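Count the sequence shown with the numbering used here and you get residues 2 to 341, in order.
Careful: at least some of the hints might be erroneous.
[As the list claims (entries may be wrong)] Dumping the calculated SDA-like pairs for lysine to any residue here, alpha-carbon to alpha-carbon at most 20 Å:
(1) 239 <-> 264
(2) 239 <-> 282
(3) 239 <-> 267
(4) 133 <-> 109
(5) 133 <-> 323
(6) 203 <-> 239
(7) 239 <-> 194
(8) 203 <-> 79
(9) 203 <-> 80
(10) 203 <-> 61
(11) 203 <-> 133
(12) 133 <-> 326
(13) 203 <-> 216
[Stated by the list, open to error] Here are the in silico distance ranges between beta carbons for each label pair:
(14) 284 <-> 187: 38 to 48 Å
(15) 124 <-> 187: 33 to 43 Å
(16) 181 <-> 23: 49 to 59 Å
(17) 284 <-> 225: 39 to 49 Å
(18) 308 <-> 37: 29 to 39 Å
(19) 283 <-> 308: 23 to 33 Å
These are calculated hints, taken from the structure and not from any lab test.
In this text, all values refer to a predicted model and were calculated from it rather than measured experimentally.
Glycine is no exception: its CB is placed at the ideal position from the N, C-alpha and C atoms.
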Amino acid sequence: MKPWVRPSTPDDGPRIASLLAEVFSFGPDSAVVDPRLMRWKYWQEHDGWPGSRSYVLTRGDEVVAHGAIVPGTCACGVSRHRVVHLIDWAARPGVPGAGMMIMRYIQSMTDISLAIGGSEETLSILPLIGFKPHGAATHYVRVLRPARAMSAAKDLGRRALPRVVFTGLQASATARFRIGRGWTSRMVPRAEAGVEGLPLPKPAADLAVFERSPRFFEYVLDCPVVRMSLHAVERDGKVRGYFLLAVSNGRARLADCWMDSVDSADWKALIELAAREAGRDDEVGRLIALASDPIMSRSLMDCGFVPGRVDSVQVMTTGKAPGPHAPLRVQMLDNDFAWL
(Lines of atoms letter the chains of each structure in order from A and count residues from 1; the text may use other names and numbers.)
(Lines give C-alpha, C1' and ligand atoms only; values in the text may rest on other atoms or scores of the structure.)
Protein backbone atom coordinates (compact mmCIF):
# COMPACT_ATOMS: atom_id res chain seq x y z
CA MET A 1 0.00 0.00 0.00
CA LYS A 2 1.39 3.40 -0.99
CA PRO A 3 2.29 5.68 1.96
CA TRP A 4 0.72 9.13 2.11
CA VAL A 5 1.11 12.19 4.32
CA ARG A 6 -1.76 13.84 6.16
CA PRO A 7 -2.36 16.03 9.23
CA SER A 8 -2.70 13.88 12.32
CA THR A 9 -5.64 13.84 14.73
CA PRO A 10 -5.86 13.02 18.45
CA ASP A 11 -6.91 9.50 17.43
CA ASP A 12 -3.37 9.04 16.03
CA GLY A 13 -1.84 9.87 19.41
CA PRO A 14 -1.09 6.32 20.65
CA ARG A 15 0.52 5.32 17.34
CA ILE A 16 2.61 8.51 17.24
CA ALA A 17 3.71 7.90 20.84
CA SER A 18 4.67 4.32 19.96
CA LEU A 19 6.74 5.49 16.98
CA LEU A 20 8.57 8.18 18.97
CA ALA A 21 9.25 5.80 21.85
CA GLU A 22 10.64 3.20 19.45
CA VAL A 23 12.85 5.54 17.40
CA PHE A 24 14.18 7.62 20.29
CA SER A 25 14.16 4.89 22.97
CA PHE A 26 11.86 6.84 25.26
CA GLY A 27 10.52 5.10 28.34
CA PRO A 28 6.77 4.78 28.82
CA ASP A 29 6.85 7.59 31.41
CA SER A 30 8.70 10.08 29.20
CA ALA A 31 7.07 13.52 29.14
CA VAL A 32 7.65 13.64 25.37
CA VAL A 33 4.88 11.09 24.84
CA ASP A 34 2.66 12.31 27.68
CA PRO A 35 -0.84 12.44 26.11
CA ARG A 36 -1.47 15.84 27.72
CA LEU A 37 1.67 17.32 26.18
CA MET A 38 0.97 15.76 22.79
CA ARG A 39 -2.54 17.23 22.71
CA TRP A 40 -1.19 20.67 23.66
CA LYS A 41 1.72 20.83 21.24
CA TYR A 42 -0.01 19.12 18.30
CA TRP A 43 -3.73 19.84 18.40
CA GLN A 44 -4.69 22.62 20.82
CA GLU A 45 -5.69 25.81 19.04
CA HIS A 46 -2.67 27.98 18.24
CA ASP A 47 -2.76 31.60 17.16
CA GLY A 48 0.06 31.08 14.64
CA TRP A 49 -1.21 28.00 12.78
CA PRO A 50 -4.70 26.75 11.84
CA GLY A 51 -5.49 23.12 12.48
CA SER A 52 -3.12 20.30 13.36
CA ARG A 53 0.60 20.99 13.83
CA SER A 54 1.46 17.29 13.58
CA TYR A 55 1.75 15.25 10.37
CA VAL A 56 1.98 11.52 9.79
CA LEU A 57 3.06 9.31 6.94
CA THR A 58 0.76 6.29 6.99
CA ARG A 59 0.75 2.95 5.22
CA GLY A 60 -2.65 1.47 5.80
CA ASP A 61 -3.30 1.79 9.53
CA GLU A 62 0.42 2.01 10.37
CA VAL A 63 2.15 5.32 11.17
CA VAL A 64 5.60 4.97 9.60
CA ALA A 65 6.83 8.57 10.00
CA HIS A 66 5.93 11.68 11.92
CA GLY A 67 6.88 15.34 12.14
CA ALA A 68 5.43 18.23 14.10
CA ILE A 69 6.08 21.97 14.02
CA VAL A 70 6.54 24.93 16.28
CA PRO A 71 5.13 27.74 14.10
CA GLY A 72 6.11 31.38 14.14
CA THR A 73 6.22 34.61 12.17
CA CYS A 74 9.58 36.22 11.54
CA ALA A 75 9.61 40.01 11.20
CA CYS A 76 12.62 41.36 9.31
CA GLY A 77 12.41 45.02 8.36
CA VAL A 78 9.01 45.46 6.73
CA SER A 79 8.85 41.80 5.67
CA ARG A 80 7.03 39.04 7.51
CA HIS A 81 7.71 35.35 6.88
CA ARG A 82 5.92 32.24 8.07
CA VAL A 83 8.49 30.05 9.85
CA VAL A 84 8.32 26.53 11.26
CA HIS A 85 10.74 24.57 13.42
CA LEU A 86 10.40 20.81 12.92
CA ILE A 87 10.17 18.73 16.12
CA ASP A 88 9.45 15.09 16.97
CA TRP A 89 10.70 14.05 13.53
CA ALA A 90 10.94 10.26 13.31
CA ALA A 91 10.57 7.45 10.79
CA ARG A 92 10.52 3.68 11.04
CA PRO A 93 13.26 1.78 9.23
CA GLY A 94 12.20 -0.04 6.09
CA VAL A 95 10.42 2.84 4.36
CA PRO A 96 13.10 4.67 2.33
CA GLY A 97 12.65 8.45 2.28
CA ALA A 98 9.79 8.45 4.80
CA GLY A 99 11.30 11.23 6.89
CA MET A 100 11.97 13.36 3.82
CA MET A 101 8.37 12.95 2.64
CA ILE A 102 7.20 14.45 5.94
CA MET A 103 9.80 17.24 5.68
CA ARG A 104 8.79 18.20 2.12
CA TYR A 105 5.10 18.17 2.98
CA ILE A 106 5.65 20.61 5.84
CA GLN A 107 7.97 22.82 3.80
CA SER A 108 5.28 23.24 1.16
CA MET A 109 3.16 25.12 3.70
CA THR A 110 5.73 27.64 4.93
CA ASP A 111 8.20 30.29 3.81
CA ILE A 112 11.16 29.34 5.98
CA SER A 113 12.18 26.22 7.89
CA LEU A 114 14.25 26.81 11.02
CA ALA A 115 16.62 24.45 12.82
CA ILE A 116 18.25 25.24 16.17
CA GLY A 117 20.82 22.63 17.13
CA GLY A 118 19.87 18.98 16.76
CA SER A 119 21.40 15.53 17.06
CA GLU A 120 24.61 14.65 15.22
CA GLU A 121 22.59 12.74 12.66
CA THR A 122 20.21 15.68 12.10
CA LEU A 123 23.07 18.17 11.81
CA SER A 124 24.71 15.99 9.15
CA ILE A 125 21.48 15.84 7.13
CA LEU A 126 20.45 19.52 7.25
CA PRO A 127 23.08 20.92 4.80
CA LEU A 128 22.29 18.14 2.34
CA ILE A 129 18.64 19.18 2.10
CA GLY A 130 19.25 22.91 1.76
CA PHE A 131 19.68 24.38 5.25
CA LYS A 132 22.24 27.18 5.55
CA PRO A 133 23.87 28.69 8.68
CA HIS A 134 22.23 31.84 10.02
CA GLY A 135 24.04 32.48 13.30
CA ALA A 136 24.29 30.59 16.56
CA ALA A 137 22.43 30.37 19.87
CA THR A 138 24.31 29.97 23.16
CA HIS A 139 22.89 28.36 26.27
CA TYR A 140 23.66 30.18 29.53
CA VAL A 141 23.22 29.05 33.12
CA ARG A 142 23.22 30.88 36.44
CA VAL A 143 23.38 29.02 39.75
CA LEU A 144 20.73 30.17 42.19
CA ARG A 145 21.10 27.49 44.88
CA PRO A 146 24.27 25.36 44.84
CA ALA A 147 22.78 22.34 46.62
CA ARG A 148 19.71 22.29 44.41
CA ALA A 149 21.82 22.90 41.32
CA MET A 150 23.99 19.89 42.15
CA SER A 151 21.02 17.56 42.60
CA ALA A 152 19.10 18.89 39.59
CA ALA A 153 22.07 18.93 37.22
CA LYS A 154 22.83 15.21 37.06
CA ASP A 155 22.11 15.36 33.35
CA LEU A 156 25.35 17.32 32.91
CA GLY A 157 27.50 14.33 33.80
CA ARG A 158 29.99 13.83 36.63
CA ARG A 159 32.83 15.68 34.95
CA ALA A 160 30.87 18.74 33.84
CA LEU A 161 28.76 19.14 36.97
CA PRO A 162 31.39 20.50 39.39
CA ARG A 163 32.78 22.86 36.77
CA VAL A 164 29.37 24.31 35.91
CA VAL A 165 28.38 24.78 39.55
CA PHE A 166 31.75 26.26 40.61
CA THR A 167 32.00 28.56 37.60
CA GLY A 168 28.38 29.60 38.06
CA LEU A 169 28.91 30.46 41.70
CA GLN A 170 32.05 32.42 40.87
CA ALA A 171 30.32 34.34 38.09
CA SER A 172 27.30 35.11 40.27
CA ALA A 173 29.55 36.38 43.06
CA THR A 174 31.48 38.69 40.74
CA ALA A 175 28.53 39.93 38.68
CA ARG A 176 28.69 43.71 38.78
CA PHE A 177 25.11 44.60 37.89
CA ARG A 178 22.44 45.39 40.45
CA ILE A 179 18.85 46.41 39.74
CA GLY A 180 18.35 50.17 39.83
CA ARG A 181 15.58 52.01 41.60
CA GLY A 182 12.07 51.87 40.20
CA TRP A 183 12.31 48.44 38.53
CA THR A 184 9.71 45.84 39.50
CA SER A 185 8.03 42.77 38.01
CA ARG A 186 4.61 41.25 38.52
CA MET A 187 3.04 38.03 37.32
CA VAL A 188 0.38 38.30 34.62
CA PRO A 189 -2.45 35.77 35.14
CA ARG A 190 -3.53 33.79 32.10
CA ALA A 191 -6.93 35.50 32.18
CA GLU A 192 -5.19 38.85 31.67
CA ALA A 193 -2.50 37.74 29.19
CA GLY A 194 -4.70 38.65 26.24
CA VAL A 195 -5.31 42.22 27.36
CA GLU A 196 -2.15 43.18 29.25
CA GLY A 197 -0.61 45.32 26.49
CA LEU A 198 2.97 44.11 26.93
CA PRO A 199 5.70 45.57 24.68
CA LEU A 200 6.22 42.92 21.99
CA PRO A 201 9.35 42.15 19.94
CA LYS A 202 10.03 44.50 17.04
CA PRO A 203 12.64 44.14 14.30
CA ALA A 204 15.53 46.54 13.88
CA ALA A 205 17.90 47.23 11.00
CA ASP A 206 20.34 44.69 12.42
CA LEU A 207 17.91 42.23 13.99
CA ALA A 208 15.08 39.96 12.85
CA VAL A 209 12.65 38.78 15.54
CA PHE A 210 9.83 36.33 16.05
CA GLU A 211 6.51 38.05 16.62
CA ARG A 212 4.44 37.43 19.72
CA SER A 213 0.75 38.00 20.40
CA PRO A 214 -1.51 37.98 23.46
CA ARG A 215 -3.22 34.79 22.25
CA PHE A 216 0.19 33.16 21.83
CA PHE A 217 0.93 33.79 25.50
CA GLU A 218 -2.44 32.30 26.46
CA TYR A 219 -1.51 29.14 24.56
CA VAL A 220 1.95 28.91 26.15
CA LEU A 221 0.55 29.32 29.67
CA ASP A 222 -1.64 26.24 29.07
CA CYS A 223 1.41 23.94 28.87
CA PRO A 224 0.40 20.88 30.91
CA VAL A 225 3.81 19.47 31.92
CA VAL A 226 5.93 22.57 32.67
CA ARG A 227 4.88 25.44 34.92
CA MET A 228 4.87 28.55 32.75
CA SER A 229 4.52 32.04 34.19
CA LEU A 230 4.39 35.39 32.39
CA HIS A 231 5.72 38.51 34.10
CA ALA A 232 5.44 42.18 33.19
CA VAL A 233 8.55 44.29 33.80
CA GLU A 234 7.88 47.84 34.95
CA ARG A 235 9.90 50.92 35.76
CA ASP A 236 8.19 53.56 37.88
CA GLY A 237 4.83 51.99 37.08
CA LYS A 238 5.27 51.89 33.28
CA VAL A 239 5.42 48.50 31.53
CA ARG A 240 8.73 48.26 29.70
CA GLY A 241 9.04 44.57 28.90
CA TYR A 242 8.21 41.02 29.91
CA PHE A 243 9.76 37.65 30.68
CA LEU A 244 8.33 34.15 30.67
CA LEU A 245 9.66 31.45 32.99
CA ALA A 246 9.32 27.68 32.50
CA VAL A 247 9.96 25.65 35.67
CA SER A 248 10.37 21.88 36.04
CA ASN A 249 12.65 19.35 37.74
CA GLY A 250 14.52 21.91 39.83
CA ARG A 251 15.36 24.11 36.85
CA ALA A 252 13.93 27.35 35.58
CA ARG A 253 14.24 28.45 31.98
CA LEU A 254 14.04 32.03 30.79
CA ALA A 255 11.89 30.82 27.92
CA ASP A 256 11.19 34.23 26.37
CA CYS A 257 11.73 37.90 27.11
CA TRP A 258 11.70 41.36 25.54
CA MET A 259 12.56 44.89 26.57
CA ASP A 260 11.51 48.02 24.67
CA SER A 261 15.04 49.39 24.82
CA VAL A 262 18.51 49.04 23.31
CA ASP A 263 20.13 50.07 26.61
CA SER A 264 21.97 47.10 28.09
CA ALA A 265 21.22 48.37 31.62
CA ASP A 266 17.50 47.93 30.96
CA TRP A 267 18.02 44.39 29.67
CA LYS A 268 20.13 43.54 32.71
CA ALA A 269 17.36 44.81 34.95
CA LEU A 270 14.95 42.43 33.22
CA ILE A 271 17.33 39.49 33.60
CA GLU A 272 17.95 40.22 37.28
CA LEU A 273 14.22 40.46 37.90
CA ALA A 274 13.75 37.10 36.17
CA ALA A 275 16.50 35.55 38.32
CA ARG A 276 14.92 37.02 41.44
CA GLU A 277 11.52 35.59 40.48
CA ALA A 278 12.97 32.15 39.66
CA GLY A 279 14.76 32.17 43.00
CA ARG A 280 11.50 32.52 44.90
CA ASP A 281 10.93 28.81 44.25
CA ASP A 282 12.93 26.89 46.86
CA GLU A 283 13.16 23.89 44.52
CA VAL A 284 14.91 25.79 41.70
CA GLY A 285 18.69 25.48 41.66
CA ARG A 286 19.60 27.12 38.36
CA LEU A 287 18.22 29.43 35.71
CA ILE A 288 18.91 28.66 32.06
CA ALA A 289 18.67 31.13 29.17
CA LEU A 290 19.27 31.19 25.42
CA ALA A 291 20.78 34.07 23.43
CA SER A 292 21.59 34.58 19.77
CA ASP A 293 21.97 38.38 19.74
CA PRO A 294 24.79 40.49 21.23
CA ILE A 295 22.80 42.58 23.71
CA MET A 296 21.17 39.52 25.29
CA SER A 297 24.48 37.63 25.46
CA ARG A 298 26.38 40.51 27.04
CA SER A 299 23.60 41.21 29.51
CA LEU A 300 23.43 37.58 30.64
CA MET A 301 27.16 37.40 31.28
CA ASP A 302 27.13 40.72 33.14
CA CYS A 303 24.43 39.22 35.36
CA GLY A 304 26.52 36.19 36.31
CA PHE A 305 25.41 33.67 33.68
CA VAL A 306 27.98 31.21 32.34
CA PRO A 307 27.98 30.30 28.63
CA GLY A 308 27.67 26.64 27.76
CA ARG A 309 26.54 24.69 24.71
CA VAL A 310 26.36 26.55 21.40
CA ASP A 311 23.73 25.46 18.87
CA SER A 312 23.84 26.36 15.22
CA VAL A 313 20.89 28.35 13.85
CA GLN A 314 20.10 27.25 10.31
CA VAL A 315 17.37 28.26 7.89
CA MET A 316 16.03 26.96 4.60
CA THR A 317 13.79 29.02 2.34
CA THR A 318 11.19 27.51 0.05
CA GLY A 319 11.46 30.06 -2.74
CA LYS A 320 8.36 31.92 -1.57
CA ALA A 321 10.53 34.34 0.41
CA PRO A 322 14.21 35.35 0.38
CA GLY A 323 14.58 34.71 4.10
CA PRO A 324 15.75 37.10 6.83
CA HIS A 325 18.62 39.35 5.77
CA ALA A 326 19.47 40.32 9.38
CA PRO A 327 20.67 38.18 12.30
CA LEU A 328 17.79 36.23 13.81
CA ARG A 329 16.90 36.52 17.50
CA VAL A 330 15.71 33.16 18.79
CA GLN A 331 14.32 32.17 22.18
CA MET A 332 13.37 28.84 23.74
CA LEU A 333 9.75 29.27 22.66
CA ASP A 334 10.82 29.23 19.01
CA ASN A 335 11.41 25.48 19.22
CA ASP A 336 10.79 22.97 22.03
CA PHE A 337 13.59 23.95 24.46
CA ALA A 338 11.08 25.56 26.85
CA TRP A 339 9.35 22.28 27.65
CA LEU A 340 11.64 19.53 26.33
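Practice problem: Go through the numbered hints given earlier and state which of them the structure violates, listing their numbers in rising order. | Solution: When the structure is compared with the hints, numbers 2, 10, 11, 14, 17 turn out to be violated.
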